[in-house]
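Trainee: Here are the chains, one letter per residue:
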Amino acid sequence: MPSQPCEKTEEPPPALLLQRQCLHCQQPVPENDSSDFCCNGCQTVYGLLQSCGLSDYYRIRADLGTQRPARPVSWLQHKNSFAFLDDPEQVTPRLDADGQRSLSFYLEGVHCAACIWLVEQLPTFLPDVASARLNLASSEAEISLKASGRFETVADLLLRWGYRPHLVQENSDRNKHARRDQILMLSRIGVAAFAAGNLMILAVALYAGVDGPLAHYFEWLSLLLALPALTFSAWPFYQQAWGQLRHSRQVSIDVPIALSLVLGSLGGTYELFWGTRQIYFDSLATLVFLLLLSRYTLLRTQQQVLRSSQLLSFYTAESVTRQSADGSWQAVPVTQIQSGDTIQVAESQRFPVDGVVRQGESLVDETVLTGEPFPKRVGPGDNVYCGTRNQRECLEISVTATADDTRLGQILLQAQHNLGKKTHLMRLVDRLARYFMVGVLGLSALLFIGLGLLLQHPQEALVRILALAIIACPCALALATPLTVQIALKRALSKGFFVRNPDALERLPNLKTLVFDKTGTLTLGRFEILQAEGFNAPDVQAAVLALESHSRHPVARTLVQAVLKQQPQPIQKVQDFSVIPSGGIAGQLASGHWQIVPDPDFESGSPLQSAGTALLRLKILHNDHLRASLTLGDPLRPEAPEVLRQLRAAGYQIYLLSGDQPAACSYLAQQVGIAPACTLSQQSPEAKEQFLQSHPDAVMIGDGLNDLLAMSKARVSISVQGSAEENLQHGDIYLAEQGLSHLPNLLWHARTLRRLLKVALGFSLTYNMLGISAAVLGFVSPLVAAIVMPFSALSVFGLALIGGHILCKS
Amino acid sequence: MQILILFVPMAILVSFGFLVAFLWAARNRQFEDLETPSHRILYED
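Here the protein sequences come in this chain order: A and B.
Reading the first sequence from the start, the letters are residues 252 to 1061 in our numbering.
Reading the second sequence from the start, the letters are residues 2 to 46 in our numbering.
Do not rely on the hints blindly, as some may be mistaken.
Partial selection, computed: residues in chain A whose CB lies under 8 angstroms from chain B [unchecked claim]:
(1) L385
(2) A388
(3) G441
(4) F445
(5) I1053
(6) I1057
20 angstroms max Cα-Cα, derived EDC-like pairs, lysine to aspartate or glutamate [claimed, not checked]:
(7) K627(A) / D911(A)
(8) K824(A) / D34(B)
(9) K427(A) / D34(B)
Taking beta-carbon pairs under 10 angstroms as the criterion, some of the chain A residues facing chain B (in silico) [claimed, not checked]:
(10) L387
(11) R430
(12) G448
(13) L465
Hints in this document: simulated from the structure, not taken from any laboratory.
The beta-carbon is built from N, C-alpha and C at its ideal position, and this holds for glycine as well.
Take the sequences, apply the hints, and build the full model.
Mentor: So this is what it looks like as structure tokens:
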């Protein structure tokens, strides 16, 4: 996005520059591939857009430089019924006055301004669509239909464009409530700003020395203007302070704030009626305005982070085929599914619930939960989990848990729970505020007894107490930390670090040991052809395609895709297809007899020309003559060696922990430059956990739930994956951008945040110390205190914003 | 300077108008999506 100041300007790694990009999703097209696309899905979408006259999409996108790369459209083969969208019993759209119906959809895969343009072109393409509006930040589109239209057609088209739509249940109470709260908060800010602005003009006149009836007039006007700011706008502070005082001993920073506000307004009113007529309403209103503003920005950031982590809504918004009482099958929304129901999950659909297989056998891709790239075989009686993908046959399952009760739901709940937690530093500040308040109250009491009773100056004592209460308002303290942390989180988000647990950012700078998982973290975690000999001959490719399309092994899938990407072609007929008992397949084609068999002499982990972990070598035999050999395995992430070199240069101790064979691990470790002493292979999850227990100050970098045990023991855990929305991650921090390249950046980000926090805290503590001393000694009048107070808040605001800019510039 | 007695309330009245406009905008969800319109304006005809 051009308007975003945080746009990245790093060059792609050299390895990527050499490769061609897919015309649709701009991901690299595999080498020795003659097509312009990375997969068939992307090709389909490209053709679709051209045929609709919407090819401007690519022109618009080219002008922008996208924020997030689009993902390859690999889900086109999903069969999904959207018929339930038009069933009034299941979905109730909002009705407009002129008979239009609207629904909101979460669209998977929208990523840039060109997507906005495309989605909002819906009305020109489907005449029944009255309007379509997309909110890029939340990826939600609101679509209105004329009376005759069907949502099913819209959803189908969106799916074919590559944006998988998920219905958003708009009328949930929580959403409505949150929206009302936000409007109320904005109104409070507006009223406070209005009052503060006008009060300041009047105050300047009064300070400048207006006197006589005009001064009286201005003072009363001030009181009138201050009233809404001190009541309506400041209400949340009174409410929370009162609640905390009544219900718990846990006093947060709200109590001293409320105290300052109450004392300040009472003092001001007293002065207005009986005193020297020094009123502080302008300062108080400004303070309320600034405090509310900072809380609002905080709330918005938090909502943004939370919304991006509300991934479960994906799985709760699809249609499911359920068996009804009479035994027939019916499409219903997931929300209607209950424990005990029987549902069907078609090929390549995600499981929307947890359940037990009743009928059918299939392969399930559990990458989401286990990080294991090879699919698991399931049959009757086996458990299947929400969020995993059914790869083969249609399964009939009986439901055991839905929504938040599923394994995935529990994980997400936990992750969201962690997010809401205050960080260590924020708790520290709350505690500081408590001592602070006790200290201020004690000082006031001392002043009153000492100066007022013993020295017989009650008037002077009261004035000093008032000055103390106003100047000691811990607003600088209250604003500094949360604001800095929130700005850091926001910047992190825009750079693609998804910080689940803000504590982790605070802890990160102390840790100098990095522990990497191998599969999926340093490598891509995918099965790919690493090395090929003689594979380019057309007859070899045709034979591989023909034979492997008969097999359902994951290796077969990789090979079929590889051939189709290189040279799309029809599949030839095979006669006498057979599976060889010792491994491999064979069959008779027009060109002769072909065999594809694994090489028994090949050792997993053997050195290769291209980087990665070799797992398997296949030999392709034509009439018993060796024609080609293929080495398959898990390729190294292209950026990994450079990233690890940088980290080592920065003084980090790097370990490799893997469950894999020693040969494979040491070969990979050598490629990325990890010392043999720091490479531990054949580690079980429990052994990994133990390793991290014995290295308490380590950062674990893994690729998901299979490293969960180890990650839970690490001081900070970082998870890495290719695509955010396909995989749910569980670490404290999640690198949403592809691969590892942003890891050094993240570490830098955490160090900068720590420095900023120190500056902000130091500033507010110094300010308070100086202010309190001055007030107790009687150097500042309440009026001066009231003028200084908003300035301190403003300077903290400024500090945090400047800090945010520094974080941005990395 | 007595004219200020009239001018100041008039100024406040004007700013009150802005406050009302702001409250109206907040109520009409104008502040909900601050990102998309900046892109949309480039491609709307």
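Trainee: Quick check on F445(A) please, does its C-beta sit within 8 angstroms of some C-beta on chain B?
Mentor: With Cβ-Cβ at 4 angstroms, under 8 angstroms, it holds.
Trainee: Would you check whether G441(A) satisfies its interface hint, that is, whether its CB is within less than 8 angstroms of any CB in chain B?
Mentor: Constraint on G441(A) satisfied, holds at 4 angstroms.
Trainee: Below or equal to 20 angstroms on CA atoms is what counts here, so check K627(A) against D911(A).
Mentor: 18 angstroms, holds
Trainee: Just to be careful: measuring from the Cβ of R430(A) to every Cβ in chain B, is the smallest value less than 10 angstroms?
Mentor: Result: holds, 8 angstroms to nearest chain B Cβ.
Trainee: Under 10 angstroms, Cβ to Cβ, is where L387(A) needs to be relative to chain B, so tell me if that hint holds or is violated.
Mentor: Holds - the Cβ of L387(A) comes within 10 angstroms of chain B, reaching about 5 angstroms at its closest.
Trainee: Going by Cβ atoms only, is A388(A) closer than 8 angstroms to chain B?
Mentor: 5 angstroms, holds
Trainee: Taking 20 angstroms as the top limit, are the C-alpha atoms of K427(A) and D34(B) close enough?
Mentor: 16 angstroms, holds
Trainee: Does I1057(A) pass the interface hint, meaning its C-beta sits closer than 8 angstroms to a C-beta of chain B?
Mentor: Hint on I1057(A): violated, closest Cβ of chain B at ~23 angstroms, above 8 angstroms.
Trainee: Taking the least C-beta to C-beta distance, is G448(A) closer than 10 angstroms to chain B?
Mentor: 7 angstroms, holds
Trainee: Assess, step by step, whether the Cα of K824(A) is no farther than 20 angstroms from the Cα of D34(B), and give holds or violated.
Mentor: Violated: K824(A) and D34(B) sit about 55 angstroms apart, past 20 angstroms.
Trainee: Under 10 angstroms, Cβ to Cβ, is where L465(A) needs to be relative to chain B, so tell me if that hint holds or is violated.
Mentor: Result: holds, 6 angstroms to nearest chain B Cβ.
Trainee: Please verify that hint: I1053(A), Cβ, nearest Cβ of chain B, below 8 angstroms or not.
Mentor: Violated, about 22 angstroms.
The structure shown violates the earlier hints numbered 5, 6, 8.
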